[in-house]
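Student: Here is what each chain is made of, one letter per residue.
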Amino acid sequence: MAGPDPKAPALREYFPAIPALQPGAMAGAKSYVANDKIQESLGFPGQLAESWQDTHDAVIAKMGDLLGKQRAFKVYMDACVHCGACTDKCHYFIGTNDPKNMPVARQDLMRSVYRRYFTLPGKLFPKLVGARDLTSEVLDEWYTYYNQCSECRRCSVFCPYGIDTAEITMAGREMLDSVGYGQKYSNEIIAKVHKIGNNLGLPGPALTNTLEGLEEDVKEDTGIDVRYPLDVQGAEVLFVTPSADFFAEPHIESLIGYGKVFHAAGISWTLSTKASEAGNFGMFIGNYDQLRKIALRVREAALELGVKRIVVGECGHAWRVAYSFWNTLTGIGAGADDPFAIQLQSQLDHRYKQPMHICELTWDLIGQGAISFDKEANDHRIITFHDSCNVARGSRMGDSPGGQFEIPRNIIRAVANHYVEMAPGTTHEQTFCCGGGGGLLTDDLLDLRIKGALPRMETLQQVVDSHGVNFMATICAICKAQFTKVVPYYGFKMSMIGGVHQLVSTAIRLGDK
Amino acid sequence: MSLVFAALFYLASAVLVIGVARKIVDYWRTPAPLLIPTTPAPTTQGGVVLRMFRELAFFESLFKANLWIWALGWLFHVSLALVVLRHLRYFTEPVWDWVAFIQPFGMYAGFAMAAGLAGLWARRFLVERIRYISTFSDHLMLALLLGIAASGLMMKFVAHTDIVAVKTFFLGLMLFDIQPLPGDGPLYAHLSLVALLMLAFPFSKLLHAPGVFFSPSRNQADNPRERRHLSAWAAKLEAK
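Those protein sequences? They're chains H and Y, same order as listed. Using the working numbering, read the first sequence as starting at 58 and increasing by one per residue. Using the working numbering, read the second sequence as starting at 631 and increasing by one per residue.
In short, the hints are calculated from the structure, not lab data. Since this is a predicted model, take the numbers as computed values, not measurements. Among the hints, erroneous ones may be present.
Pairwise CB distance ranges, derived in the manner of DEER restraints [to be verified]: (1) Y:661 to H:306: 41 to 49 Å; (2) H:424 to Y:741: 55 to 63 Å; (3) H:192 to Y:723: 30 to 38 Å.
Reference listing, derived: stretches of chain H covered by chain Y, where coverage requires no fewer than 3 residues with Cβ under 8 Å from a Cβ of chain Y [claimed, not checked]: (4) 117 to 128; (5) 134 to 143; (6) 227 to 233; (7) 395 to 406; (8) 452 to 461.
Quick reminder that beta carbons are idealized off the backbone N, C-alpha and C, glycines included.
For reference, chain H alone in the conformation it holds in the complex (with noise of 0.2 Å):
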């Protein structure tokens, strides 16, 4: 983005106070298009038509499509009654005042086109209802204003009807994406876990040289020979984790974490070059071919590797891919009847859930007493949690609703003394995104990444006021990255910012079990 150097908006004094409207405050953030190079490798078209009827009716022909097989998509179209109960929902919204951040009018923007080419009212009496035609601005303005949300569900929550505009931005990108009309950030990054394995380009060499080099580090710090194994035929754990844990801060700090509890538990893991990205981008963009494809890396993986368990790592939407869909997709899970699930649910040991997040798995430890820790360790930390999107709204931890929520937290106060909660509202399932969710995660958009987590920005900084945090605890390798890159803007350290399994790390006891 050229222009200016970003800047966070100011922390609103009463919040939360409804902002006024400032239209067309985000109509510039249009986020870097892919070139056709990406387009192509993921079976897009790389660019769009020559002509624009070519490409006007492609995009309704896709429109038909998804209306034929996606229940949600049909039933959202229709049943919006603009009653207003989303319109201050969004922390796009929140923190930029551009009224096509509110969720109902982000659906509009497709609602519209919708009503004029599939509803008679809007065929006979368009200006009536709010219908328009598809033109290449409307085009334009979708693509700008679906990669203006981070598909994180808070909107869902208040609907009285359920709509999530998670599914009509993931229906909008998924209709860009087939006329040749795709977001850079998101498709290169699909692109290269095709290609190596992970959605950071680190090659099988690099993966095992890091993961070396992290065994000298945790052996120096703390005389132990913690493993970080890659590749482990016969492990009785697969780990699928985001590749930021491998080298970028503060995630690495709870892939030594992760390791420690294995090692403390004695439980042989291991992680796998095939699938070393629990990372799944194939649901941003809502192409299910995608999704599945990359999904079906981990199943590969599991079955050339013979594991028992599939464990995943802190990552919000990868822990709703893996958790939500990949029964779906992959048959990692239970309860299936079909051979090609079977194949794979046969091998599994169902003793433990399939899959299951890595703090399922620290805590039900904990409760068996298999860890212990030195919770003075964490003293220097006055900790609060951010729920991560994806996780509260769009997945579940442990037996009963809800459990996404506590479990965490149960893990922080066992291992920590100072533990404070942010405003109600703004947790649990009204969690705010970070800001960075959903394929935003990218530099040209970094204007609104800032804007976006003004809301939990708000929240952070009461508790810093009154209890003087320091310590942001959370389980999402975006919200991390996120975090530690807009934290400043605000004022705030970036060392703040840190796992739940860096907790863990810090207080674990190891060697004498």
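Starting from the structure of chain H, add chain Y where the hints point.
Tutor: Just chain Y, lined up with the frame of chain H:
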């Protein structure tokens, strides 16, 4: 005029029933390929029924979202339900006991309904965000409903219509035996607006009524690890 209204109501009923039935079948047949309940969500079907009941009876999500919209919207819908049930007395002979029982509540619910609608409409002018998202048809729909409420209240409390004759007309209508309809301005207005509402139902945002039952974020159980959920078109990918 009796014939005109008879024809209008046959048409409106047919459009309403066939139109909504077609939509429901369409929603029913469209697969939901992935499990996307908004969590925390119930883990069992029984839990889903309860969640849906709370959503329908108390507008649970809306309550979390905005107390003003919730209060006005709930007032309107509950009043509308009472008013509609009260109107069963014009279609049944003898009148069922429970319909007779709710008669007094139903009458005053007409005022509550109008008040709720007025409040909801006011929001479309007064609140900037809601003004921004309102389309012309949103205003028209409120005008239509308010017109129905006003003309109905008019007949009940201002200029009485010959309600016995109206009932004879509708009882006859149900047996395809057209009886005379009183020639009465407010009655004509009331009936025309109701017919218009019935005609608009399957083509408008009023589809939120059947739609809510088919909303995957609300009607799916949260049990993806325990059971494999696979849509027909997605299963075909595995056969390849």
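Student: Each of the hints needs a verdict: does it hold here or not?
Tutor: Now the hints, each set against the structure:
no. : hint                       : in the structure
1   : Y:661 to H:306: 41 to 49 Å : holds (43 Å)
2   : H:424 to Y:741: 55 to 63 Å : holds (58 Å)
3   : H:192 to Y:723: 30 to 38 Å : violated (57 Å)
4   : 117 to 128                 : holds (count 5)
5   : 134 to 143                 : holds (count 9)
6   : 227 to 233                 : violated (count 0)
7   : 395 to 406                 : holds (count 3)
8   : 452 to 461                 : holds (count 6)
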